[in-house]
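Asks: Listed below are the residues making up each chain.
Number of protein chains: 2
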Amino acid sequence: MSDKYVHGYHPRENERLHDQAGTLVDLLHSDTKYARGSSVLEAGCGVGAQTVTLAQRSPDARFMSVDVSADSIAEARRRADRAGLTNVEFRRADIFALPFNAEAFDHVFVCFVLEHLSRPLEALAVLKRLLRAGGTITVIEGDHGSTYFHPDSLEAHAAIQCQVMLQREAGGNALIGRQLYPLLVEAGFDAVRVIPRMVYVDSSRPDLVDGFTRKTFTAMI
Amino acid sequence: MSDKYVHGYHPRENERLHDQAGTLVDLLHSDTKYARGSSVLEAGCGVGAQTVTLAQRSPDARFMSVDVSADSIAEARRRADRAGLTNVEFRRADIFALPFNAEAFDHVFVCFVLEHLSRPLEALAVLKRLLRAGGTITVIEGDHGSTYFHPDSLEAHAAIQCQVMLQREAGGNALIGRQLYPLLVEAGFDAVRVIPRMVYVDSSRPDLVDGFTRKTFTAMI
Numbered sequence: 002m003s004d005k006y007v008h009g010y011h012p013r014e015n016e017r018l019h020d021q022a023g024t025l026v027d028l029l030h031s032d033t034k035y036a037r038g039s040s041v042l043e044a045g046c047g048v049g050a051q052t053v054t055l056a057q058r059s060p061d062a063r064f065m066s067v068d069v070s071a072d073s074i075a076e077a078r079r080r081a082d083r084a085g086l087t088n089v090e091f092r093r094a095d096i097f098a099l100p101f102n103a104e105a106f107d108h109v110f111v112c113f114v115l116e117h118l119s120r121p122l123e124a125l126a127v128l129k130r131l132l133r134a135g136g137t138i139t140v141i142e143g144d145h146g147s148t149y150f151h152p153d154s155l156e157a158h159a160a161i162q163c164q165v166m167l168q169r170e171a172g173g174n175a176l177i178g179r180q181l182y183p184l185l186v187e188a189g190f191d192a193v194r195v196i197p198r199m200v201y202v203d204s205s206r207p208d209l210v211d212g213f214t215r216k217t218f219t220a221m222i
Numbered sequence: 002m003s004d005k006y007v008h009g010y011h012p013r014e015n016e017r018l019h020d021q022a023g024t025l026v027d028l029l030h031s032d033t034k035y036a037r038g039s040s041v042l043e044a045g046c047g048v049g050a051q052t053v054t055l056a057q058r059s060p061d062a063r064f065m066s067v068d069v070s071a072d073s074i075a076e077a078r079r080r081a082d083r084a085g086l087t088n089v090e091f092r093r094a095d096i097f098a099l100p101f102n103a104e105a106f107d108h109v110f111v112c113f114v115l116e117h118l119s120r121p122l123e124a125l126a127v128l129k130r131l132l133r134a135g136g137t138i139t140v141i142e143g144d145h146g147s148t149y150f151h152p153d154s155l156e157a158h159a160a161i162q163c164q165v166m167l168q169r170e171a172g173g174n175a176l177i178g179r180q181l182y183p184l185l186v187e188a189g190f191d192a193v194r195v196i197p198r199m200v201y202v203d204s205s206r207p208d209l210v211d212g213f214t215r216k217t218f219t220a221m222i
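Here the protein sequences come in this chain order: A and B.
Read left to right, the first sequence gives residues 2 to 222 (my numbering).
Read left to right, the second sequence gives residues 2 to 222 (my numbering).
It should be emphasised that the hints constitute simulated quantities derived from the structure, not laboratory data.
We put the CB at the ideal spot given by N, CA and C, even for glycine.
Careful: at least some of the hints might be erroneous.
As the list claims (entries may be wrong) - If you only want the chain B side, here are some residues facing chain A, beta carbon under 7 Å, derived: (1) G146; (2) S147; (3) Y149; (4) H151; (5) R179; (6) Q180; (7) Y182; (8) V195; (9) P197; (10) M199; (11) Y201; (12) D203.
Please build the complete structure, drawing on both the sequences and the hints.
Replies: Written out as structure tokens, the structure is:
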């Protein structure tokens, strides 16, 4: 992850990342569960927004969660401690220079990370080498270009487009969600299966209006 | 449905509607099942693309399937006969002048119909009066504005926009999917729940590349 991480490292942003993770947790993580004794690399754990969920849902797996930012790792460690997790080890490391042996992990987990990299394909190739034969990778990414509204709003689309451009200028790609299949195939993974997840919000779901539309998406844009 | 039904009544279009129904059948209908003995009004059955699926999935329910087009009803009846259905009655009728008593049905089913009406809210109010207290309505509609691609294609978006405009000129609304919640609430339905369904296609799913991208969506546009 470059110094130009588009969301920045502000405490209020950390709060937003946790609101996002809390609201979307079932949608994103309900089918991620790792077997007893398996070893999982979480690449780009940031402030640990997903780490706590992951590790709680698979209490008998061992997690190695890395991030390029020392501050984020420190924050993630505090959150994991507060949650009483004992199955996560944190380490500061660059995704392109990870201090692990080939085939060291049973599984790799990546969430909202590739969108911030200028070389997502290389990152996937690096991660693939760390996976044992028969291991799995789970990649979760967004796609801001998939957003639509009723009533429609040119202003909202324009604001989102600004975010897309800013992220592109920072070397990332806010539209990477739609590209996961070809990226994973090109990185050499087989049996690639993409399962789209749509966040749908209307006023019958006030928790999502608040947790997603206001505190996650609008706050990010 | 007006005379300006945007998809037309050409035989090749009937084929496309059946390709569409076949490809999307699980996505759209897997959770629609009616109890033994219940009476269901299918409003706007067209050439019966959904009728056969519906009636087969709920063999002990009785269906009344109506459409404004006599030709479509004739075609739907042929298809139902070929499928050996005995629980469907077809009748030609305008959705705004349905020949049924108030509260005559336990359930109403509407699929890809409101998008073609200039007064979808009125249609829903009409249908609501035909439902007994405690009955349900299932409404399935698309939203062409939700389409996106990788690689992205300005030409594809422009072509879709033409379809959106043509449908609007014919009095319809190709973006009605996103509007179902407020429409249903305004029509007086309670406990409205919208469940978004995304058709996702990549080259690991050749049946969908052919059945949906080519034969359904591209063929329609």
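Asks: Hint by hint, say whether it matches the structure.
Replies: Each hint tested on the structure:
1. With a cut of 7 Å, the hint placing G146/B at the interface with chain A holds, because the nearest CB-to-CB distance is about 5 Å.
2. The beta carbon of S147/B comes within 5 Å of a beta carbon in chain A, closer than 7 Å, and the hint placing it at the interface holds.
3. Interface hint status for Y149/B: upheld, as the beta-carbon distance to the closest one in chain A is roughly 5 Å, under 7 Å.
4. Hint on H151/B holds. Least Cβ distance to chain A is approximately 4 Å, under the 7 Å limit.
5. Among the interface hints, the one on R179/B holds; its C-beta lies about 4 Å from the nearest C-beta in chain A, closer than the 7 Å criterion.
6. A hinted interface residue such as Q180/B counts as satisfied when its beta carbon comes closer than 7 Å to some beta carbon of chain A; here the least separation is about 5 Å, so the hint holds.
7. Checking Y182/B against chain A by beta carbon gives a least distance of about 4 Å; that is within 7 Å, so the hint holds.
8. Because the closest C-beta pair between V195/B and chain A is about 6 Å apart, less than 7 Å, the hint holds.
9. Because the beta carbon of P197/B sits about 4 Å from the nearest beta carbon in chain A, less than 7 Å, this interface hint is met.
10. Of the supplied interface hints, the one on M199/B holds, with its beta-carbon coming within about 5 Å of a beta-carbon of chain A, less than 7 Å.
11. Restraint check, Y201/B versus chain A: the minimum CB separation of about 4 Å is within 7 Å; hint holds.
12. With its C-beta approaching chain A no nearer than about 4 Å, D203/B sits inside the 7 Å limit, and its interface hint holds.
Figure legend: structure checked against the earlier numbered hints; every hint is met.
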